[in-house]
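A.B. asks: The primary structure of each chain is shown beneath.
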Amino acid sequence: LAKTTQPISMDSYEGQEVNITCSHNNIATNDYITWYQQFPSQGPRFIIQGYKTKVTNEVASLFIPADRKSSTLSLPRVSLSDTAVYYCLVGDGRDDKIIFGKGTRLHILP
Amino acid sequence: ETGVTQTPRHLVMGMTNKKSLKCEQHLGHNAMYWYKQSAKKPLELMFVYSLEERVENNSVPSRFSPECPNSSHLFLHLHTLQPEDSALYLCASSQGRGVGYTEAFFGQGTRLTVV
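Each protein sequence line maps, in turn, to chains A and B.
Residue 1 is where the first sequence starts when you use the working numbering, and the numbers rise one by one after that.
Residue 1 is where the second sequence starts when you use the working numbering, and the numbers rise one by one after that.
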């Protein structure tokens, strides 16, 4: 099981770009990296997934270096509504024991 | 609206009560999950069903009993719960197994309070 490590919390300001880095040193060859967002008292919401290099969608970008031992979720021009907990998960679909860590609590300030 | 509906949204029950949580998805997914999220704790995977067959029981006490009658519905039957079981219970579904691998859709959750 690839364990992930993220900062516990981060603060940023509206309009800024926010980068959240996740470490997964023992990622396996078949593992994908997936990020979820969770607002208080709601279920997590899928944001983005990648295997290597860079992935971009309408919400975020995911940067994965060649060694894949870490990944960075990039949120462009954040707003107050981006205040949430962000989780990094690593898995290959064969193991259901995917563990949600404590995530990164992102607080956007006006 | 994620396509995964949980009822009820809030539930208060005594320790001697029996209640059930319901989850419904019409996304055509073949895997469904129950998670527990206690205050300021990570989500804990409780049960996984794939193609209506339970494939994971993550050391959950027997006072929690899941049921998956078909691929669209998932229940969590509760009996003789303890106050420490108070938490947000989340249902999720995905096409293919592994929340960390395939995009999973979560419901809004049921906020359970055991008194």
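It is worth saying that the hints were derived from the structure and are not from the lab.
The reader is advised that the hints may include incorrect statements.
Okay, derived cross-link-like pairs now, PhoX-like style, lysine-lysine, Cα gap no bigger than 20 Å in a straight line [stated by the list, open to error]:
#1 102(A) / 40(B)
#2 52(A) / 69(A)
#3 19(B) / 3(A)
A.B. asks: Broken hints, numbered, in rising order?
C.D. replies: Of the numbered hints given earlier, the structure breaks just one, which is hint 3.
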